[in-house]
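Chains as they are written, first to last, in our numbering: chain A, 1 to 393; chain B, 1 to 375.
Keep in mind that the hints were calculated from the coordinates and are not lab data. Even glycine gets a Cβ: it sits at the ideal position worked out from N, Cα and C. Hints may be right or wrong, so weigh each one.
Label-pair ranges, simulated between beta-carbon atoms [claimed, not checked]:
| no. | chain 1 | residue 1 | chain 2 | residue 2 | range |
| --- | --- | --- | --- | --- | --- |
| 1 | A | 111 | B | 268 | 42 to 48 Å |
| 2 | B | 265 | A | 354 | 56 to 62 Å |
| 3 | B | 265 | A | 344 | 47 to 53 Å |
| 4 | A | 234 | B | 307 | 51 to 57 Å |
| 5 | A | 22 | B | 261 | 52 to 58 Å |
| 6 | A | 346 | B | 21 | 57 to 63 Å |
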Amino acid sequence: MNESASFREDVRSWLDQHCPQEMRKPFATEADLCWGGRKAVFQSAAQEQWLRIMADKGWTAPTWPSEYGGGGLDRAQAKVLQEELQRINARAPLYSFGLFMIGPAILKYGSEELKRQHLPPIVAGEIHWAQGYSEPNAGSDLASLQAGLVDHGDHYILNGSKIWTSYGDKGDWMFCLVRSDKDGPKHGGISLALFDMQTAGVSTRPIRLISGNSPFTETFFDDVRVEKNQIVGELNGGWTVAKYLLTHEREMIGESGLGQAGTQALGDIAVAAIGLENSRLADTVLRRDIARVEMDEKALALTLERARDEARAGASLGASSAMFKYIGTELNKRRQELLMSIQGLHALDWSGPNSDDGILPKAWLRSRGNSIEGGTSEIQLNIVAKHLLGLPG
Amino acid sequence: MALVLNEEQSMLQESAREFLQKKTPVSHVRTLRDQGSENGYSEAVWQEMSAMGWPAMIIPEIFGGLDFGYTGMGVVLQETGRSLTPSPLFSSGMVAASAFILFGNEEQKALYLPAIASGEMKFSLAWDETQRYQPQQIHCEAKASEQGFHLTGNKLGVIDGMGASHFLVATQTAGQEGVSLFIVAADAKRLIRNASRALDTHVLAELQLQDVALDKAAQLGGQSYSLEALDRLLDIARIGQCAELLGLASEAFERTLVYLRERKQFGVPIGSFQALQHRAALLYSELELCKSLVLSALQDLDEGQADLAETASLCKSKLSEIAMLATAEGIQMHGGIGMTDEFEIGFFYKRARILETLLGDRHYHLDRFAQQRGY
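In isolation and in its complexed conformation, chain A is listed as follows (with noise of 0.2 Å):
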């Protein structure tokens, strides 16, 4: 037996005896997502028990070193990890900015001390981080940011504002882009501190969405203290890390597009909604729809496995990052369009005894928000014409 069809084995062995049955099964709702933290609220034994067994092996985190925590895994060996997990329909143990954002960046560019204290908590789940970006005036053109970072000798001093803090309430550590260097480039006077957010001067604010719900804040800084060895990279370098960040954001929000694993097909549901005549979806031009969403979720699915096993191969997935993100994002909004055609005027149902809870109209009115968060469309396409296409301008 070669060496990777024995770690699949392993793996598959392990999974079997260690994955709790209740963790088998796709996600229902956004809800169902574990995200950790300081303030986690578990929804079951079974999800807290999974994520722990999980962060021991390291494997929220397959490929970070182990002396960090993670699971040591090379790129194929993930590979099988992962498809081993979905061949169970397995729930991802954990979801973290840590794991997507903030520890790709702090492997690329932090200090060894940086690895050492924030690394493992994030593999384990322990801290939730906030992504501090956008600020009032300073959304796509993101460069353009004010929050002040000043000198203060054995520490810095933050004052200013984020917006579109995502979870901002529910974060414990906040790793956020700053002006370090008010006289300098607009680009090389950014810096990214990292602090914790019970830090006093440090508060939020919710944001109601159209959705109803309350994903983001707003967040303020009264002078708030920064120690002087949480900044990643160098001072006034913020602005490649925060560069090398969105790529992994934007990596994260495409592969979004896909829905959760194991999501039912559109055109099932839609049978199941609608009915067949003569064993056709008896809806003509919605079937077309569905058909042309379906058949893009199957080649995006496809072109993220072909840009990885081209990763493992040498090359960089970079800026096609962008490209996902952006065929990504448009195409669940097309789903959840699809979606409230197919349900009708329960699609409409936002509370009530038979509302779901307005599940639907709330992920449709959300999913608005998937092509402007992480720089919008027209971002995406601005940097695949620049950076893919070398087009001028």
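Dock chain B against chain A, hints included.
Using the frame of chain A, we list chain B on its own:
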């Protein structure tokens, strides 16, 4: 299997591109057209392709082939798509060779596959009988006689049919369920073929079979097959078309990108305008999806995946749509010059339309995909 080409496949693709750029750049198609080429392709170029083993690509070694697989054939077809090189590689080397491999008996394989591999025989599938694509509509009829069979009926849209040495003719066969394929020599008595010159250099033949007499050994596999079984052959053909569509769409897009960088208006390159940048970026993204679909489908063929219908229809629908989009945008972004016959971008647009229409267009395959998915 990883969704990347292996080293041998990459080398094959490079050498094919090099050969085709040198021997048959797009000006080659123009010359064939202007000279009113009878077959629609150059026999001399076909000899060279055959000498390089291209028609032998998918054929097993015991029958004189290279056994290099469908992915290998696919990368060569992508390159013939890029240069718009007409040849019987698709009709004979991909489709007919697959038909013999799938349905031929051992004598038929031993007799015909080596001759297909060497390029000496050029087979073409004669299936369609309707203007709009309806592959289940087969009225061409084979009647059993003492010596064998008599075939009567008409066929349309026979790809590379004027240059073919042999046809595989689909028929209803008296006393048998399903559809048969018959091996018919192009010079058979009472077989009339007429050239139907298509809007690019393709010459599609129309066949009239007026009681063509064949012996028993002419029936492929010695029996009829269900339409579902034969669909596998058509699906292999469609995936081959998709490889060609990918090549031509990529080339049209790359030529357009060069023009966007070079052409100046209002004192700047037109590629600096966001309206054009976003359309180019969208096309790039769609072509990346197409690349994955084609490579994955070719690998499915090599792995012998049982059910190809969903994969082939997804591929053909998407590739048709995006190849038409890429070539239409190519014309639009080139502006006035894109509309001229002198300029080459229009050749890509025409070839895309031919490939989309033959063996089912995007609408046909969108519907078939939905059917495969149970709706």
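**Asked** Do the Cβ positions of residue 346/A and residue 21/B conform to the proposed distance bound of 57 to 63 Å?
**Response** 58 Å, holds
**Request:** Can you let me know if the beta-carbon spacing of residue 234/A and residue 307/B is within 51 to 57 Å?
**Result:** 55 Å, holds
**Status of the given 42 to 48 Å range, CB of residue 268/B versus CB of residue 111/A** = 44 Å, holds
**Asked** Within 47 to 53 Å or not, the Cβ separation of residue 265/B and residue 344/A?
**Response** Roughly 49 Å apart at Cβ, these two residues keep to the hinted range, so it holds.
**Asked** How does the Cβ-Cβ distance of residue 22/A and residue 261/B compare with 52 to 58 Å: does it lie in that range?
**Response** Given about 56 Å between the Cβ atoms, the range holds.
**Message:** Against the range 56 to 62 Å, how does the distance between the Cβ atoms of residue 265/B and residue 354/A compare: consistent or not?
**Reply:** This hint holds: roughly 59 Å between Cβ atoms.
This entry satisfies every hint, going by the numbered hints stated previously.
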